[in-house]
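Add chain A to chain R, keeping to what the hints say.
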Amino acid sequence: MSEDSLLALRGVTMRFGGLTAVNSLDLEVRRGEIVAVIGPNGAGKTTVFNMVTGVYTPTSGDIVFDGNRINGTRPDLVTKLGLARTFQNIRLFDNMTALDNVMVGTHARHTSSVVGAILGLRRHRAEEREGRQTAYRLLHFVGIQGRGGTVARNLPYGDQRRLEIARALGTGPQLLLLDEPAAGMNPSEKASLAELIRNIRDSGVTVLLIEHDMTLVMGISDRIAVLDFGQKIADGPPAEVRDNPDVVRAYLGEASSAS
Amino acid sequence: MNPKRPLRGWTAPRAGSVDRMAARWRALPRWLRWVGYLAIFVFAISLPNIPNLGDVMTPGSSWQRVLFYPISVYVLLALGLNVVVGYAGLLDLGYVAFFAIGAYSMAILGGKYGWGFWEVLPVGVGLAMLAGLLLGSPTLRLRGDYLAIVTLGFGEMIRETANNLNYLGGPRGLANIPPPPSIGHISFLQFSILDPKPYYYLLVAVIAVVIIMLKRLERSRVGRSWTAIREDEDAAQLMGVPTLKFKLWAFTVGAAVGGAGGVIFASGNNAIQPTDFPFILSATILAAVVLGGAGNIPGVILGAFLVAWLPEAARGFDQYRVLVFGGSLVVLMIFRPQGLWPSKIRAEELAEGEGGIDRLGAEVGTVRAQSGALDG
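Chains R and A are the protein sequences, given in the same order.
Each residue of the first sequence is one higher than the last, beginning at 189 in our numbering.
Each residue of the second sequence is one higher than the last, beginning at 7 in our numbering.
Same shape as in the complex, but just chain R (with noise of 0.2 Å):
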């Protein structure tokens, strides 16, 4: 393991029951890279953001998040610990303001409650301050600036996903787990969306991002790692997974072009 490694999945095994999600996974991000996992539907790669995320516990294996190890830690303070993610099927908080949903991110940095609110102490404001400008900052990075004030579930398709990253950014983390972030968009999104992340990137945030579409995958990728039936099968830059002809044989059941 490099010492410049931000993630490090070593030997993660999940089971549920008799079914196992995962096996035996090793994995590594290093600061400032942007890798894709891949692979065909229920190869596990939701699990392994759950498990990285605290959602699950993993069966047995090492999870290790810049130099903690984090297994089985409660999801809000592995957030805390500089890890956020997006989800698969969007789950804003639907009916709070655009604005409210980057804020409750920007609130798993501060620290001030019940007593700070009702008495109005200075951190309280100091946080309250912080927490919108930095979410109005955040509307305007992801490109929907203008909207906070729209309820999130007024708001188009690719607009909440572009909210979800401001939420989850707005928590200020060192590693963005994105899922699927592509999904559902149309090409020209895509290229934006594609643009977006690897800005992320560049503002210093390394990325992790599970992701159907192999043209963005193959575009803004550093490494991507294939996993299929729970096994990693490929784990390389984009042009070595391409050629690689376990992973064509995953996707396509035989020898032929995966791209």
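Read the hints as simulated data drawn from the structure, not as lab findings.
Note that the coordinates shown come from a computational prediction; the quantities given were computed from them, not determined experimentally.
Take the hints with a grain of salt, since some may be wrong.
[As the list claims (entries may be wrong)] Output of the computed footprint for chain R on chain A, the stretches with three or more beta carbons under 8 Å from beta carbons of chain R:
no., segment
1, 216 to 223
2, 239 to 245
[What the hints assert, rightly or not] Lysine-lysine pairs mimicking DSS-like chemistry, simulated, CA-CA at most 30 Å apart:
no., chain 1, residue 1, chain 2, residue 2
3, A, Lys118, R, Lys268
4, A, Lys221, R, Lys268
5, A, Lys251, A, Lys221
Even glycine gets a Cβ: it sits at the ideal position worked out from N, Cα and C.
Chain A only, in chain R's frame:
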């Protein structure tokens, strides 16, 4: 029935007109809004003194007494329960327990040990909060129906304890609870058993303070976390909201308000009995919150006023009084399922039939929903 459109064409004007008024209200300068709040406060204070109003509102009973109990007590309790049910979306069926804890604190400390009202008030509130914390710590890990059942049991436990403990007066309850000390020599602040008006003024003042506190909470990290938990608890936790902590806070804040209500109620009533704290009171306060519009303070106050006042106003119906009351609740819920004056957010949640646990399924299917709907 589709909750979105209960009996099309029959619905009362949708929240739209109210929303526009609310928006216009928010657009006013700050000082002007405070003038408005002050006007409402003065109006509330003058209610017991408007000549002949009592004959119209409660011909069968003392208007001034009804204003103290049940009306203003219910308003305070509904505001407290609204934190739990309206803000955080937790179904609490045993809220009366906190009211009882406050009342028994006043009866024991004031009646037996001679403490003054203002000394008991913080202690009663503190004990109610402690009870909220003790009840919440194990049970708030449960969701939905399970939480409702456990809180229902808690309410019964407290009442049965009072009923069976000699120290707490058993079924006969406790009497000779002292009134608060009179404030100065102003005639309307001389507390005595005979005059309910000073207690009403006291409650109006307490309610005003509680509203200011709740408004501040609403617009803070705490309030946003409560809304996020109500909307999607799993997503909230994954966005860094310590869900258990804030659910406990919702319980504790709600309990504090209920406890304060209990202390004032006991002090104003001179005597209390276990039958003052039946399950039906929890249900009535819950009805007030839901009927008025969960999550919205003016709506909750309106709901509490109605559930307190309607049975009194219906005294003319004699033994059919409760039937009329129940019937009017049913009618209201059919035509106005989102409540009379809902918070904008809650109205939309109800229209969608979503919010909280219902939404966990996403496209995954309900079977996996409870364990982890984050998969695809």
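*Under the criterion that the straight-line Cα-Cα distance not exceed 30 Å, is the pair Lys118(A), Lys268(R) satisfied?*
Violated, at about 50 Å.
*Annotated coverage of the segment 239 to 245 of chain A by chain R, confirmed only when three residues or more have a Cβ within 8 Å*: It holds: at least three residues are needed, and the segment 239 to 245 of chain A offers 6 whose Cβ sits within less than 8 Å of chain R.
*Is the hinted pair Lys251(A) and Lys221(A) satisfied, with a Cα-Cα distance of at most 30 Å?*
It holds: about 20 Å lies between the C-alpha atoms, which stays within 30 Å.
*Take the C-alpha atoms of Lys221(A) and Lys268(R), compute the straight-line distance between them, and say whether it is at most 30 Å.*
holds (27 Å)
*Holds or violated: the segment 216 to 223 of chain A covered by chain R, criterion of 3 or more residues with Cβ-Cβ distance under 8 Å?*
holds (count 3)
Going down the numbered hints, you'll see the structure goes against just number 3.
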